[in-house]
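There are 2 protein chains.
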Amino acid sequence: MNYNLTVLGCGSATPTSKRNPTAQLLKMQERFFLIDCGEGTQQQLRIAKTKFSRINHIFISHLHGDHFFGLPGLISSFHLLNRTTPLNIYGPPELKTWLDTTFKVSNTKLVYPLHFHPTQNKEKSLIFEDKKVEIYSFPLKHSIATTGFLFQEKEKERNIIKEKITEYGIEVCDIQNIKNGKDWISPKGKHINNRELTTDPKPSLSYAYCSDTAYLKSLKENLDSPTLLYHESTFLKDDEKRATKTKHSTSEQAAIIAKDVKAKSLLLGHYSVRYDDKEVFKEEASPIFKSVFLAEDLLEFKVSHNSITSRDLNK
Amino acid sequence: MNYNLTVLGCGSATPTSKRNPTAQLLKMQERFFLIDCGEGTQQQLRIAKTKFSRINHIFISHLHGDHFFGLPGLISSFHLLNRTTPLNIYGPPELKTWLDTTFKVSNTKLVYPLHFHPTQNKEKSLIFEDKKVEIYSFPLKHSIATTGFLFQEKEKERNIIKEKITEYGIEVCDIQNIKNGKDWISPKGKHINNRELTTDPKPSLSYAYCSDTAYLKSLKENLDSPTLLYHESTFLKDDEKRATKTKHSTSEQAAIIAKDVKAKSLLLGHYSVRYDDKEVFKEEASPIFKSVFLAEDLLEFKVSHNSITSRDLNK
Numbered sequence: 002m003n004y005n006l007t008v009l010g011c012g013s014a015t016p017t018s019k020r021n022p023t024a025q026l027l028k029m030q031e032r033f034f035l036i037d038c039g040e041g042t043q044q045q046l047r048i049a050k051t052k053f054s055r056i057n058h059i060f061i062s063h064l065h066g067d068h069f070f071g072l073p074g075l076i077s078s079f080h081l082l083n084r085t086t087p088l089n090i091y092g093p094p095e096l097k098t099w100l101d102t103t104f105k106v107s108n109t110k111l112v113y114p115l116h117f118h119p120t121q122n123k124e125k126s127l128i129f130e131d132k133k134v135e136i137y138s139f140p141l142k143h144s145i146a147t148t149g150f151l152f153q154e155k156e157k158e159r160n161i162i163k164e165k166i167t168e169y170g171i172e173v174c175d176i177q178n179i180k181n182g183k184d185w186i187s188p189k190g191k192h193i194n195n196r197e198l199t200t201d202p203k204p205s206l207s208y209a210y211c212s213d214t215a216y217l218k219s220l221k222e223n224l225d226s227p228t229l230l231y232h233e234s235t236f237l238k239d240d241e242k243r244a245t246k247t248k249h250s251t252s253e254q255a256a257i258i259a260k261d262v263k264a265k266s267l268l269l270g271h272y273s274v275r276y277d278d279k280e281v282f283k284e285e286a287s288p289i290f291k292s293v294f295l296a297e298d299l300l301e302f303k304v305s306h307n308s309i310t311s312r313d314l315n316k
Numbered sequence: 002m003n004y005n006l007t008v009l010g011c012g013s014a015t016p017t018s019k020r021n022p023t024a025q026l027l028k029m030q031e032r033f034f035l036i037d038c039g040e041g042t043q044q045q046l047r048i049a050k051t052k053f054s055r056i057n058h059i060f061i062s063h064l065h066g067d068h069f070f071g072l073p074g075l076i077s078s079f080h081l082l083n084r085t086t087p088l089n090i091y092g093p094p095e096l097k098t099w100l101d102t103t104f105k106v107s108n109t110k111l112v113y114p115l116h117f118h119p120t121q122n123k124e125k126s127l128i129f130e131d132k133k134v135e136i137y138s139f140p141l142k143h144s145i146a147t148t149g150f151l152f153q154e155k156e157k158e159r160n161i162i163k164e165k166i167t168e169y170g171i172e173v174c175d176i177q178n179i180k181n182g183k184d185w186i187s188p189k190g191k192h193i194n195n196r197e198l199t200t201d202p203k204p205s206l207s208y209a210y211c212s213d214t215a216y217l218k219s220l221k222e223n224l225d226s227p228t229l230l231y232h233e234s235t236f237l238k239d240d241e242k243r244a245t246k247t248k249h250s251t252s253e254q255a256a257i258i259a260k261d262v263k264a265k266s267l268l269l270g271h272y273s274v275r276y277d278d279k280e281v282f283k284e285e286a287s288p289i290f291k292s293v294f295l296a297e298d299l300l301e302f303k304v305s306h307n308s309i310t311s312r313d314l315n316k
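Protein chains in written order, with the working numbering: chain G, 2 to 316; chain E, 2 to 316.
It is possible that part of the hints are untrue.
Because identical chains cannot be distinguished in the list, a pair is counted as satisfied if it fits within a single copy or across any two copies.
Cut-off 25 Å, straight-line C-alpha distance, at most; resulting in silico cross-link-like pairs (DMTMM-like, lysine to aspartate or glutamate) [as the list claims (entries may be wrong)]:
#, residue 1, residue 2
1, Lys-238, Asp-261
2, Lys-316, Asp-277
3, Lys-191, Glu-31
4, Lys-19, Glu-297
5, Lys-110, Asp-184
In case anyone wonders, no lab produced these hints; they're calculated from the structure.
Make a model of the complete structure from these sequences and hints.
This is the structure we're talking about:
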């Protein structure tokens, strides 16, 4: 199994003709999660030919415009397209005030339910859970209240060995228990250890999203071995003073964090407009952390336990 | 002289991968006027390679998202680019409430002055005037308070005939009076009629912008012979019932209005997503009104008294 991550915008602060402000679409376990929603996100979703009506959960890291000014347009388009499924939005409490004002001044009464879930940036917190996925918010360090998000597949079922079903004559009603890791006791009372009947499940994958943040040493308290870590790298080491002042990170700092939290791979993004060529970010991070990828508008990453591949949705 | 009109978005309601929501940039008498500001307008301004810091006046016709959701992003980008020139925004009073809330929740204190000028949709009203241009708002008929805007060059100076200056020995200090249309009296008391000294000025051009509106017969009370009339044509005649219900217009109705107000040319736009091919709008309007043009994203029109030419800024 794998998950897909589509970068809808990889720029920072002011968009350019080539880089949209921040937004990413994570497709994990057949669920569509939108992470941040800068201006133009709905257009990018269309260009990427995404079935965007399947987005039921939107996560906003903080209230700087380049991370949330695309929300009203997307919410309105869902309305105009007669959506009926509830939409869940997770973000700082003031976001609700703003959305309420937006719909009041534009005289919009949404035709579908919108559920708002306020986040806090004091401590790591479970904000979503269903059968297959858990999502946590955790504090980042920026000039305004900001959280990261951790998307975590739940532990998967063990794989039953088909030959053993036949060998022992195991009945269908017992199979789910065995998949869940339980031992099996035959009708005659023989105890069979689960490890004899099953093989290990596929590893559970995770995606950690660290949007705007200064270098934050304590991240390792909240993140442990994510399959892929997205960490902003607005600047290069040459501009470390500026990064510290504006509470952003350099590419080197992102690489140090990736090492600290034992990420399998690192995805960089949120590049300052001062850098035309984004390869320099990879060059700076690679000596510290081996597996580095670069975010780019409309690039889709396919992430599995063993590999990450990408394809350009513009083509 | 001419003016330039760049269509930044020609779509309606929900954007598509090819049509952005409504925004237009009018360059008249070296002034940059932004008319409506749908989501993605700042990106379109960048793609069009516009010197967009020169925009000092923004006109918002009404508070449906596809006409104003791009404002916060543009205003914020001006802020991040350290603009110092005041920015003037003209629009419905509730727009100020929304902008104030936007900057409050995003903890933004603009580094430049923003002046808000509330509009009303009861009667035609002069909302801007300087040495060369007058701008009026006027009521339209839509499901929410909506105004159109009329951009009118002031009457230009008469052209002085150079040979006459020499012939009569007219002094420099008298020339401005003659350009303004006054007769000239020689030092010896001879009265020379202005018409002998000057030729007619170039015609003053105008641009009338009628954003979302139902067919509004009374428009001719507020518009008289605009050089170019932009009139929405969300639907075709086949969908007239839907147009009436949603308070939009058909292409045929736009053509009737163009005839009524004695426009020299008509520009259609705000096409519903149901029409892939926009040529059908021109086909419907042309039998009623001769000079019809079609709005298209990133198409720039050069408008003079005698001609309208266009070029595609994508190329």
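Looking at the structure, which of the earlier hints fail to hold?
-> 3 and 5
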